[in-house]
Every structure is written in structure tokens, then in C-alpha cells.
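J.: One letter stands for each residue in the lines below.
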Amino acid sequence: MIPSSVTRATVRVTAALGMAVAALGATGAPAVAAPQPMGRCTTSSGAVLAVDFSHWGGPVLRSCGTTPATGYELLNQGGWRTTGTGHDGPAFICRIGYGGYQGGRQYPTAGEDDCVLTPPASAYWSYWHADPGAHDWEYSQLGAMLYKPKPGSVDLWIFGGTDIKGTEGRPRITPDQLRAHNTRPQGDAGRPASTAKAPSLPPDIDTGPAPGGQPKSDPEKTGRKPTREPEKRTARPGKSASPQQSTSPSHSTSPSPSASDTAAPATTPGTSPRVVDAAPASDTAHDSGSLRPVAAGASLIAVVGGAAVYVARRRRRSE
Amino acid sequence: MTAVRRAAVEATPSPSRQAPDGDGRRLPRALHPLAWWIWALALATAVSRTANPLLLFLVLAVLGYVVTARRTEAPWARGFQYYLYMALTVVTIRVVFRAVFATGITPRDHFLFSLPHIPTPDWYAGIRIGGPVSLEAILSAATDGLRLACMLCCIGAANTLANPKRALRVLPGALYELGVAVTVAISVAPQLVQSVQRVSRARRLRAGRNRGFAALRGIVVPVLEDALERSLRLAAAMDSRGYGRAGTATRRSRRLTGALMLLGMCGLCAGAYGLLDATAPRVLGLPAMTAGAVLCVTGLRVGGRRVTRTTYRPDPWKLPEWAVAGSGVLSAVLLFTGLGYDAAELNPSIYPLTWPSLPLVPTAAILLAGAAGFLSPPPTAPTAPRPAQRRTQKADVT
Amino acid sequence: MITFDQVTVHYDDASRPALREVDLTVEEGELCLVVGHTGVGKSTLLGAVNGLVPHFTGGTLYGRVIVDGRDTAHHPPRELADVVGVVGQDPIDGFVTDTVEEELAYTLEQLAVPAPTMRKRVEETLDLLGLADLRHRALHELSGGQQQRVAIGSVLTAHPRVLVLDEPTSALDPTAAEEVLAAVTRLVHDLGVTVLMAEHRLERVVQYADRVIHLPGGGQVVSGLPADILRTSSIAPPIVELGRAADWSPLPLSIRDARRAATGLRTRLTGRTPLPARSGPAPEGPALLTARGVTVSYQGVPAVRGVDLALRGGEVTALMGRNGSGKSSLLWALQGSGPRRAGSVTVDTGAGSTSDPHAVSASDARRMVGLVPQTPADLLYLESVRQELDQADSESGRGGTAVPTVGLGDSARAILDRLAPGIDDSTHPRDLSEGQKLALVLAVQLSAAPRVLLLDEPTRGLDYRAKNQLIGMVDALAAEGRAVVISTHDVEFVARAADRVVVMAEGDIVADGPTTEVIVASPAFAPQTAKILAPLPYLTVEQVVSGLDHPSGTGAGA
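Residue numbers (this note's numbering), protein chains in the order written: chain D, 1 to 319; chain U, 1 to 398; chain Z, 1 to 558.
None of these hints come from the bench; they were simulated from the model. Every residue gets a Cβ at the ideal spot worked out from N, C-alpha and C, and that includes glycine. Be a bit skeptical, because a hint or two may be false.
[Said to hold, decoys possible] With a Cα cut of at most 20 Å, we get these calculated DMTMM-like pairs of lysine to aspartate or glutamate: (1) Z:K531 to Z:D257; (2) U:K165 to Z:D257; (3) U:K165 to Z:D93; (4) D:K150 to D:D131; (5) Z:K120 to U:D342; (6) D:K148 to D:E168.
[What the hints assert, rightly or not] Part of the chain U face toward chain Z, derived, beta carbon under 7 Å: (7) A167; (8) L168; (9) V221; (10) A227; (11) R230; (12) A236; (13) D239; (14) R245; (15) R252; (16) R254; (17) R309; (18) A344.
With the hints as extra help, turn the sequences into a complete structure.
T.: As C-alpha cells, this is what we get:
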């Protein structure tokens, strides 16, 4: 009884593996919506994406997506990639990586969180929005695949813990530190962005050193020097305390006190994260692995399963 | 080897029971049930670490091998296939749920098919029903389900390999009610199957409806009444035969034992919660766990100080028991420490699709657990009833 | 050894106490027989001995029960396990472990007996009860008699001073019952164990009893010497009834004593042909059901081997044989619901046509052949007698039927009132006595007006009164022209109820003929009256009584 079930199970497994093989052979054609250099985002168009890597000693990286349909698309373009959990699927953002930061390595790493089950509420990527002109972050009530960023808004992902109401673990950075302040798009907008080949950076923002310590640049893998040397803008307290009020209609209703409130963390520069602009980068090459371990594993399983069948046969004969 | 030789000498006087195995070296005997449980639970713990389908299928194959090689012919030892069916159900449910309650498809995913999308109101936007289904979603649901299924099969293997009634003896006397409940459940469950068959056959005599709620009721009511009566009679029989006797223990020492055990269990539960939920206060973690363990051990000591039970043919804890329990625990330790391999290999990426790798150490660890199949002694051969009696049995059932 | 001091037991949901102010003393080494009709409190009395009443069953016990100096009020059953051993009606329900040896050791383990002592006692018990060959066998593969002996052995290992047996032989065939009773009497004689035993079939045990405790009802208890109590008790085995009828004194309780006392009676009856045990002419009608070469097998193991059988209307056939000889399988195959590997069954549907019940739908099969299974309660699942009867009427599909039937017309209610008058509509079927349940299921099955009715072990658990009722029901059914088959172990019942006896062994029919011939032919199967009056062909007490009352009876001229 048992061995025959095992055999049947093995057959089923083989069939399932076969299907997976077929699927892996056909690589899907990625179609990602318009990543843009940071300058293309304005106070009323595009959405700014900011991801806080300070948990791993990195900067706050921000980039611009002009026509993001959902928060998830914004987070999966121009070199940005995410990983979901095994339990909840891709919609639950478990890991975030950027092609131009640490060679596209996604955080938290597999050692920190295996992203199989829903991560604990004490260490996960929490999702915050700031609408145009808003001075405070709003804890997202929707998942990344369901939320649709408004033009001119800021999406921020920070790693850590929050409580249910989002009162604990709020971002220390202010929306004003991150949002676009130019009213007109800057730089070259004519060139469509591609994930395989990121556009070269406009000369006017190509200033400042590379972000995040020593990003791995692997010329052999990407074929050329990665084009992510974005402008480094340190968060200046003065700037966040005196935002461009003219571009923010709602700001008049909430004047300086709230602005100084949000600026408070920035007055201690030691703890304030650096903000670095991340230009659209190429996707990290995806290695779909080798078939050899699969074959080895399958034969091993067959051997052990075969032993079970053999033992069962012998038992039945001796009965 | 000395142990084996001694056992051989002991067994000589009663060859009828302990006939030498086919290979003539080791004598058949039942392994200590606790050893099987430790082995299986450790393997389940190891499984909980990985979503690598190669490793998971290897675990299933190993379980299949050990169960076929070492199960007995007792009624409780014939149920492993049902656990396999249950495992398959778990995987199916997981996949269907993932397909129906779509978790979204990304442009990079491999689109398989699309289910009709049922719009949900805005205030209910957190859940999507229907929509496109990707290969990635199906595969990740399948591996996730497979992991659960593997853990289920580990428990199933323990139930198949270890005699549940002998395992129950490990239970301290302080947990009297629990012991009665479990024994009754174990004994009555197989009879329940029989009475379902009997009653559903009897239903035909009334030519009642064979489908629908009425038919179900016609079967369930008599079966449950029967099961309830049997359970009560068994519990009464256990009581009349001295189960849960206090013996020479005083009322006070019994109460003390009970209180210590109860507190200890609470401590263990709180500790487990504290360790697993990172938001819990730190005090709840290791300290509560330790305190709970200490209380439990003290309780058992206090309760055991005045012996109230003895064992006829006690299950020995010898080399094979150490080996089986050790092989299970070692495999769990290897999968948890992550020594010698990349932890990412335990959970191969599905987004984007990647071929699973076969990390050497975990593979070896699982195979090591499979060694229990020949580390344990062969099971005792069934005492085959004579054909005439067997026929009598069959006819009796009808 | 056992003292009941003004004991009253009142269950919470009962209006009257189950036992009322009982004073009782049982001396050491006595074999006490507890007799009484169903529901008079026998089980309560037995349960009170080891404290299951009230510790386990609930209810309130007033007064004191003292066993070997221990008051059950302060000692729950588990604390009395070393003094009192309890064996229930169905041994398999009380088994806690899996194998014979483990079961024997279980009580000792709970009593913390040291391992060497335990080994020794288990060996002794295995020998005492003849179980040594079975020691490693799984309990569920033993036969009924073996299981009951294991159950007795499992409490004996603890060397209890008192053994309480609640109907230990009710599920057993005569041979297995003898096996168990022989073991019990041996214990009394060899070990001086005090035994308290309840038993419906007194003919099996009354000769061994030192004392009889009679529960006449109403919570009263009368105890005394068997001969004294049985002279007046409402319950009596045939041997006692014969003794009463013949006015023997002292009342003989064993066949040996009775045969000595019966010398005069035999002389008086010699030369007379007894009236037939069953009134009415022998049926000579056409066969209602004809079975040819019926074979039933389970997974290749044959249970019934090529049986030929013809059942005629108005005839009551008893189907006898050991446990597992294929009786049930044959009945189920005849009804058409059970499996049948080979052979044919044809039933006369009454309109000149015949049909195979296995080939038609369940509801049509039911109109041809009705079967009451071994556990009648399996067929009952509604909340009241009324609902069950209504459901039966609708199931029987009064009105358009595919198979023509005769005698359709009585509703289930009317049938029930004829079989067992006075069962209230609103009663829950579960609260009925065994006999009433049987009547209800019979009514349910008869509502389909089958011309052939099969009853699978209906006498199990019935007391004398219920058996008399059953005989009345069966007589009525036969008088209506139906063919009735009853499988049973009860020879006394067969002697009074059946026209014809079919004996099965190993799936074959080994004997088939008129009751008088078949059951007198073998001593093991003979009823007590036949044993006492042999070689005279008397089977029942009624025959003898009528023979005495009408000395110029039909056979006077012989």
C-alpha cells in the first residue's frame, strides 16, 4: 500500500517538475513602466520612490517613476526589484533591492529572513505615503499592488517594526526631504527607459560620490559600468525647514510648527539618514540556476523511493 | 555489539516470539515509542526550515522508506497512506486558494491562465478574488503546501511507527484526564470506522435516501451514539482497573505535583510564545521557558518520588533508540545552524523562477535521518493466525 | 466481603430511585447470581460494588457500600482496583491495550506491582484460563469466548477478592459461554474468589450459584439460597419451571438432580405423544424464497459456501451455529443488501412472478425481504417513536410500487401496536428497552410488508419476558403467512419458537430439519427439558404441562 502510494507520489512529482522545466525554459518578457531620472519628477507629476536602507548602514535611495500604476510597479522598475513571501506571494514586499546598490542585493538577506512566512511585525518593510503638500507620512492601508500613487506624491519604504495603527516606528525622515521640488521636469525625458539598458545619466545631476559605501560593480555581469552614480544630497535641516511653500497648496494651512516638527530629527545629523538619488539602473542579471542539482536530487529521491518499494515488496512476499 | 549478543541470549528461550530476522543478525523488537516521536518531531522541525522542493521530496521519500521498513502489522501501523492523501489535500487546497484569492501578478511572471475576476468593494480592497494566475504563484503555493504536507507526514510516520498506547505511558500520572481522553480516542477511532460501515449498510435496509443531509444524519446519529457509549464504557473500564491510581501518594503531594505541572506547562507555553513572537516582551522568552521546564521537572520528580506505576516488559532505551533519536535531532540541528551551506539554498527563489539547488549538508542531514530505517531493529513479525481463525474473524465482522 | 447498608441510589434524571434501602451481605467465596428483568437496577447494584456508581455514573448514593473494609464513598473505582475486578458485557469495549499479555498486565502496572511478581502472575493467569497459546495475539483477532476469558484474566491478575461480571456470556455461543462459565466456577472453587454475576440466561449458570440476589423491581432486593428464591421469583429457567410444574422439592437446579427427581414424571409421560411445541399445522405451501448455491466471501475467504435454502410461508426457521459460522453473511445475502459471490436468490413477490432482491433497488428489495440487523438501533436515528414510524411509512412508499405486494395496508403504527402495545409516540427511541427497540425496528421493517422476514440475533440481551414477547410477535408473523428466519444461539428460545432448525458450520449447512429432530439430536444443542426428560421427545415446559393437564391428549392411544 504505502510503497505504491510513494511510487505514485514520485510520478506526480516528476510530472510537476517537468512542467516547471518547460516554464523555466520560456523566459518571460519583462515590461516595466517608465522609470525616470529623479529630475523628471515634479511637484505635480510622477511619483517619488524612497527606500530606507539605513538598517544595513546604507542611505535612503530615491528615484522617480513618471507613470506608476501601482506602488508595486513603482518599486519594480529602473533596477528596483522586490521579493514576496512564499506564503503571501509577491504582493507582500519582503525584500527590496536596487540594481545600483550592493550589486542589486536584496534586503533583508536570506540569512536574516527566509521570506517563507509573513515576516514579523517587528522587522519588515513598512509602506508610507505622503500626498503632494502633506507634511506627514500616512501608513499605507493597502498593499503595494493595490495602492495607486498620486502624481507628485512620495512612497517611502522603511525597514523596522510598527504597531497596527502605525504610531510606532514612524519614519524619521520628512516627506519634504524626499519629494521633488521642481515644478518643471528637468533633464532628458525623450528617451524611454529600459530595464535592460538604463539611460545614461543627465550631466546636471551626475555629481557626488557613489552611494552606499562600496557598491559592487561587476562589469562582467552587466557588460558595462553600472550607470548609477546619482547625485548625493544630504538632508539639510534648513532645507526641510523651509520648503518651497509656493508649490505646496496645502502648506498654508499647516505652517511652520508642523514643519519644524518634522524637521526635528534632522537637527541631529548623526542619526539622520543620507538621501541619495538613484537613477534608473539595469536589472541585475537573473541566474535561473542549473539543472544539474535538480537531476541529482531527483535521482536521489528515486533511489530512496526505490528502496522503500523494494522493502515493501519483500515484506509482502514474506507475509 | 554486546547489547545485541546479550539480547540474542535472552531471546533463545522464547524463539516463537523473537524469530531471527532474515539477515539473522539483529533480533526484531519494538523501538521505544519516544525515540520515534523524537525522530519524527525533529525531522518536522528540520522540514519547517526549508521550502526547497528537492529537499522536501527527499524527506517524503525518506519517510516512506523508514515507514515501510519499520512499521508493524498492527491496525494503527497501517495508516501512513492516509497521511499521504491528507498531504496531497493540503497541497491542493493551498494551490487552489492561491489561484482563487489571487495575490497579484507582476509583469515578469509567467502567465498561465485567468480566472474570472470578482470585483470587491473598495472598503474590502485588501482581498482580490479571481484574476490572472501565474506559474510562480502556483509553484510557490505548491512548495509552501508541500512543506506543510511534509510536516504532516512526519507526524503520520511517528503515529505509524510508534505504538500510541505504549507512547502514552510516558505521560506522567499527573495528567490523568488527558491520558484517559487520548486512550479513549485512540481505541474508539478505529471502531468508529467500523460502525460507520455497519450503520451505512443497515441504512440500505430501510431504503432511506442515500444522499443528502437526511442520509448523513441517519448515519451520524447512530454512529455517534455508539461511539459515545463505547467511550464511556472504556473510560469506566480504565477507571475500574486502576488507571490514574494515586497509590501511596498523599493528597497533598498529588496536588503539589498537579500544580507544579500546570504552572510548568504554562511557563513552557509562554516561553514558546515569547521565543517565536519577536514583539513579545523579552521576559517571556528564554526565562519563562527555563522556569517552565524547571517546574515541570520538579513536578515529575515530586510525582514520581512515590512510584504509582510499574511496567511489564518495559521498553528499553538502548543503542538503537539513541541512534534513531540522535539521527533525527542531528538533522534538525544541521538545518538550523546553516553550517556549510548558504541559507538561501533552503528557500530557492520563485520570484524570479530559479532551479532549486541541492545543498550538500541539508541533503546529507535528511539522508542521515533516513538511516533510522536500518539503525532501528526490525519490527516484530506478526503472529499469523491460522487460516480457519482468520476466516472466523472475517465472518464475525459481518 | 461485600456489605450494602441501607443503600439507595437515585439518578438525577430519574423520578424513582434505582435501588431503595438495600441491605445485603455477600460472604467471601460465594458465587452470587443477580437476577431480574431488564431495567430493575442490576447494573446499578453491580456498579455500586466498585464505586462506579456513583463516582462514574453520577447520581446520588445514600447509605454505605463496604467492600473488604473499604467504603466506596471514600474510594473511587481506581482505588478499589486491587479488591474488585469488573468485567463488562462486551469485552472488546473494556480493552485498554493491544495484545493479550499486555492486557493481562495492565491492572498490575497500575497497581505498581514489581516487575518479577507481575511476570509470574501473568504466567499463572495465562495457564489458569488456558490462554497461554494466545499470549502475543492481538485482542481484536480473538473469538468472543477468548476475548471474554482475557477480560476475566485481565482483572484476575490483580488477585481481586471480588469479581463482578455483568452478563459475561450474553454475546457468546453456547460453547464459548461454557468456556467462560467453567473458568469462573474454577476460580470460585480454587481461589475462593467472591463472584457477583448478572445473567439473563439462568439455565446456563443457575446450577453453579451459591446464592441468588433477586431484583423484583421497584428498587427492592431479595437474596437467599437459589432454590428458595427461584421457587417464587418472576424469572426462572426452564428447569425451575419444570420443577415448579411437577412440584419437586427441593427444587433441582442441575440437570443431574432434575433427572433424578424426574423419574416419576418420565414414567407418567411415557407412552404419550406430546403436543407439538408450536401450535398450528406444519406449513406445506410453496416456497416464498428459494436460494441456490449462495456463496459469500470476503477478500477471498469464504463465509458462506454454496448454501441451498427454501423458506415457506408460515414457517419459523431458526438459524443456529457457532459465532462466525456464516449466519449473518447468509441473512444479508438473502436480503440482497449484502455481498453475494455466486448463487441465486428468488423471492415470490406474490403476483405469480419472482424476483432477485439483489438485482432490484433497495426499496423494492425491502418489500420482498425484511431484515432486522444484529444492532437494531442502527436503523433508528430520529427523535421520537412517532417520527420513526412516519418516516418508515414514507420510506415504504405506500401507494405506487414497482413490485406488487400483498398485505400492504397496515401503517407502521398499527403494526407496532400489534407487536408491542403501549409504546408512547413521544418517547425517544433511545429510551426504549431492548425488547421495545426490537419491536419498533420490526414495525419499521414490516411497514413495507415483506413476505420474508429475517432477524439477526434478536435474542441477544433480552430477558425472559422480552423473549416471550418476541415469541408472540414471531407467532403472529408466521400466522399471517410470512416466512421468518431467526438466527440465534438460544436453544430454549428455538425450542419454543421455531418449526425448523438450520445449523451452519464453517459456511455450510450441516443440519436442516424439524426442530424436534435437530435439537434433540445433539446434547450440546438440546434444551433443558429435553435433557431432563430424554428419551421422551419433550422440548418445552409448556408441552409437559399440557401433557399433564390433559392426560387423554392426542397421543393417549399410543
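J.: Now tell me, hint by hint, if it's right for this structure.
T.: Against the structure, the hints:
no.: 1; hint: Z:K531 to Z:D257; result: holds, 12 Å
no.: 2; hint: U:K165 to Z:D257; result: violated, 50 Å
no.: 3; hint: U:K165 to Z:D93; result: holds, 15 Å
no.: 4; hint: D:K150 to D:D131; result: holds, 7 Å
no.: 5; hint: Z:K120 to U:D342; result: violated, 59 Å
no.: 6; hint: D:K148 to D:E168; result: violated, 24 Å
no.: 7; hint: A167; result: violated, 12 Å
no.: 8; hint: L168; result: violated, 10 Å
no.: 9; hint: V221; result: holds, 4 Å
no.: 10; hint: A227; result: violated, 11 Å
no.: 11; hint: R230; result: holds, 5 Å
no.: 12; hint: A236; result: holds, 5 Å
no.: 13; hint: D239; result: holds, 5 Å
no.: 14; hint: R245; result: holds, 5 Å
no.: 15; hint: R252; result: violated, 17 Å
no.: 16; hint: R254; result: violated, 12 Å
no.: 17; hint: R309; result: holds, 6 Å
no.: 18; hint: A344; result: violated, 47 Å
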